[in-house]
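J.: Protein chains in written order, with the numbering used here: chain Y, 79 to 449; chain Z, 79 to 449.
What the hints contain is simulated information worked out from the structure, not anything from laboratory work.
Honestly, I wouldn't trust all of these hints.
Using 20 Å as the maximum straight-line C-alpha spacing, the simulated SDA-like pairs for lysine to any residue come out as follows [claimed, not checked]: (1) Z:Lys-194 / Y:Trp-198; (2) Z:Lys-194 / Y:Pro-374; (3) Y:Lys-194 / Z:Ile-328; (4) Z:Lys-194 / Y:Ile-370; (5) Z:Lys-194 / Y:Asp-427; (6) Y:Lys-194 / Z:Arg-347.
Calculated Cβ distances over 10 Å to all of chain Z for the following chain Y residues [unchecked claim]: (7) Arg-93; (8) Leu-148; (9) Ala-404.
In this text the structure is predicted, and so the values were computed from the model without any measurement.
For glycine and all other residues, C-beta sits at the position ideal for the given N, C-alpha and C.
Number of protein chains: 2
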Amino acid sequence: MYPVETAAEARERERREVARACERFLQGDGLIRPRQALATLVEEVGEDEDADFYGEGELIASFEHEIAGLLGKEAAIFLPSGTMAQQIALRIWSERTGCVTFACHATCHLEESEEKGYAWLHSLHAKPVGNARTLITLDDLRQVREPIAALVLELPQRHLGGQLPAWEELTRQTAWTRTKHAYAHMDGARLWESAPFYDRAYAEIAALFDSVYVSFYKGIGGLAGAALAGPADFIAEAGIWRRRHGGTLIHLYPYVLAARAGLRRKLHRFPHYHQRALAVAAALRGVPGVAIKPDPPQTHMMHVYLRGDRARMEDAALAIAREEKAMLLRRLSPSDVPDTWMFELAIGDGADTFSDEEIAAYFRRIVEAGA
Amino acid sequence: MYPVETAAEARERERREVARACERFLQGDGLIRPRQALATLVEEVGEDEDADFYGEGELIASFEHEIAGLLGKEAAIFLPSGTMAQQIALRIWSERTGCVTFACHATCHLEESEEKGYAWLHSLHAKPVGNARTLITLDDLRQVREPIAALVLELPQRHLGGQLPAWEELTRQTAWTRTKHAYAHMDGARLWESAPFYDRAYAEIAALFDSVYVSFYKGIGGLAGAALAGPADFIAEAGIWRRRHGGTLIHLYPYVLAARAGLRRKLHRFPHYHQRALAVAAALRGVPGVAIKPDPPQTHMMHVYLRGDRARMEDAALAIAREEKAMLLRRLSPSDVPDTWMFELAIGDGADTFSDEEIAAYFRRIVEAGA
């Protein structure tokens with residue numbers, strides 16, 4: 079039995095239908111349908127390449143080897159999701175230290191987006207450090223009194239618009255974990271996108287950490303999937319946990335192939351996305367009622383704050399999408415500040431289909447509608 | 079650094095290379111390479127079909143609806159693996175009953191093939207029931223003294239060659255769970271393959287159980303993936319646990335599409351596979367030194383026991399594969415009985431490329447080599 083559609087559902091359906099008809103997307107790489115994505119995989123895979131089999135085989139092993147090399151770690155393991163990767167990393171560090179607590183930012187993915195699997199499945203405790211509205215500082219860490227198994231640092235901090243600590247601060251924070259006899263774990267969901275800011279090799283950034291999780295479907299544009307990299311014995315143990323989690327699928331190759339193709343196609347593009355993010359931010363900065371965080375953007379992403387009436391601004395964006403087949407934003411979320419709303423903007427190939435002047439004009443129209 | 083290849087590894091590599099060159103496979107559906115499998119998915123997916131998004135969307139929801147209907151349950155949820163599906167089912171039933179023990183066959187997948195994730199992740203205890211060499215009986219169940227959250231019954235019992243309890247016995251065993259105030263959970267990894275034995279609708283078999291797990295990559299021929307079906311509130315809760323396990327991937331569509339295509343293509347084939355299994359068993363039965371379990375086969379599968387020298391029989395099979403490009407068996411495993419070795423034979427499309435006489439002749443050659 080299908081329940082009758084509510085007004086909110088009907089509105090959501092309309093949004094989806096308008097979005098489906100759009101030809102340009104300011105966000106990410108635009109709309110890529112399964113048929114197109116799968117056809118790309120058919121081109122990616124060699125005629126004679128064999129399937130992986132429960133985590134074994136040349137196809138997956140060679141990709142894991144490539145990732146380990148890129149991150150300068152002894153070994154790496156491919157997993158279906160970052161959720162699985164990070165819980166596993168923390169569980170292993172917990173058993174190595176005999177300690178069930180990990181320190182993290184209050185907006186950490188583990189804390190906010192995983193139904194607290196770390197607690198329900200692994201009996202771990204999260205210790206939020208510092209202020210939820212700012213990056214963790216060394217001073218914040220020094221106030222951690224209890225023993226911890228690991229410190230999780232997210233590079234960049236997604237829920238702060240993709241902010242990154244300065245290199246020196248980062249080296250001090252990861253060094254601090256040694257004083258606690260704890261491990262440093264990187265949530266590198268968007269590590270690839272951080273290269274322009276640090277202007278260092280990925281391996282040099284990863285060298286500050288004992289374990290690193292990276293993702294393949296965000297900037298990389300894969301289908302799903304993640305990797306965990308670290309010492310060989312740690313990765314071997316992660317394989318046992320991947321099986322326990324139900325992540326050692328008979329075949330992971332659609333995700334591995336998409337990750338492999340995406341890495342080759344996109345890894346060199348992140349400096350461009352960063353430049354494009356700077357230009358988009360500059361265009362938006364000139365529109366009254368618009369603010370950017372961080373300003374200037376440090377990676378490919380930013381948070382955009384709009385002052386005005388939420389529904390009228392959303393409607394204006396929807397009207398632009400309907401009339402001009404150009405999708406600028408789908409939804410606005412609340413901010414702390416009254417009458418100010420925000421959305422996350424991640425720059426990919428889509429932003430190249432807009433000129434800076436066009437972007438400024440569209441957002442002027444949206445903010446004016448909300449005034 | 080790649081270590082030097084050992085003699086055993088070289089032999090295994092040779093086996094793989096010979097297998098890759100084979101043109102016929104007695105086991106399953108033969109060799110399907112990623113390129114071919116992915117091309118099939120491109121044909122399966124509609125031009126305008128949208129991707130699923132973190133478990134939501136028409137593509138995945140409609141398939142879950144189809145599976146729920148097929149199994150006569152209120153709801154179903156798609157998951158990356160059966161490992162995830164079954165741990166989740168048992169965790170939920172455990173919380174509903176306030177009891178951490180589940181009863182199962184000693185060769186249960188949860189016990190043998192998941193690195194005991196049920197214990198490490200969910201702090202559950204497995205209570206093996208009955209004899210590892212035979213199906214669970216009602217008498218075995220009556221000897222379970224402790225309270226249990228659930229009884230897991232695997233239909234068919236893979237590690238007994240795919241044996242199934244008679245319908246009346248099955249109804250009594252599932253009814254027994256009520257006397258224990260426990261839930262009945264079906265490990266239906268090969269449920270699709272059991273239809274000819276019971277000659278009942280899947281929904282009628284599933285009706286004996288509170289929750290049912292089914293798989294999409296064994297007989298169905300998908301890429302990976304599973305579904306869990308049951309009451310609506312149970313399935314809603316399973317969604318929370320899927321996220322905790324790291325199984326709510328941004329896109330599951332390659333697996334959903336492969337499952338959908340496989341179900342349409344293969345569901346009606348299982349009576350044929352059963353008939354073919356009966357014929358293959360009859361051919362093998364006539365070869366001295368060969369035994370079948372169960373005899374006659376009750377599903378598409380059987381265990382085949384060969385008497386003789388293991389290495390010489392494996393070599394004979396390898397020689398046939400090399401010379402005639404026909405793969406009969408890759409490896410023999412130990413049995414209880416000295417000088418008797420076994421392999422699992424699951425019938426799919428591959429067996430249709432062999433005549434019964436050919437099969438008998440090949441196995442005569444293999445067993446004679448081992449004499």
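J.: Are the hints correct? Go through all of them and say.
T.: Going down the list of hints, with the structure as the test:
Only pairs whose Cα atoms come within 20 Å are accepted, and Z:Lys-194 paired with Y:Trp-198 is accepted, the gap being roughly 16 Å. Between Z:Lys-194 and Y:Pro-374 the CA atoms are separated by roughly 49 Å; this puts the pair beyond 20 Å, and the hint is violated. Distance check on the hinted pair: Y:Lys-194 and Z:Ile-328 sit about 18 Å apart at the alpha-carbon level, within 20 Å; holds. Under the criterion of a C-alpha separation no larger than 20 Å, the hint pairing Z:Lys-194 with Y:Ile-370 is inconsistent with the structure, at around 49 Å.
A C-alpha spacing of about 44 Å is found between Z:Lys-194 and Y:Asp-427, which places the hinted pair above 20 Å, so the restraint is violated. The hinted pair formed by Y:Lys-194 and Z:Arg-347 fails the criterion: a straight-line CA distance of about 43 Å is larger than 20 Å. Distance to chain Z confirms Y:Arg-93 as a non-interface residue, since its nearest Cβ pair spans about 13 Å, more than 10 Å. For Y:Leu-148, the non-interface assignment is confirmed: its Cβ lies about 17 Å from the closest Cβ of chain Z, beyond the 10 Å cut-off.
Every beta carbon of chain Z lies more than 10 Å from that of Y:Ala-404, the smallest distance being close to 19 Å; the non-interface claim holds.
The structure fails hints 2, 4, 5 and 6 (numbered hints given earlier, in ascending order).
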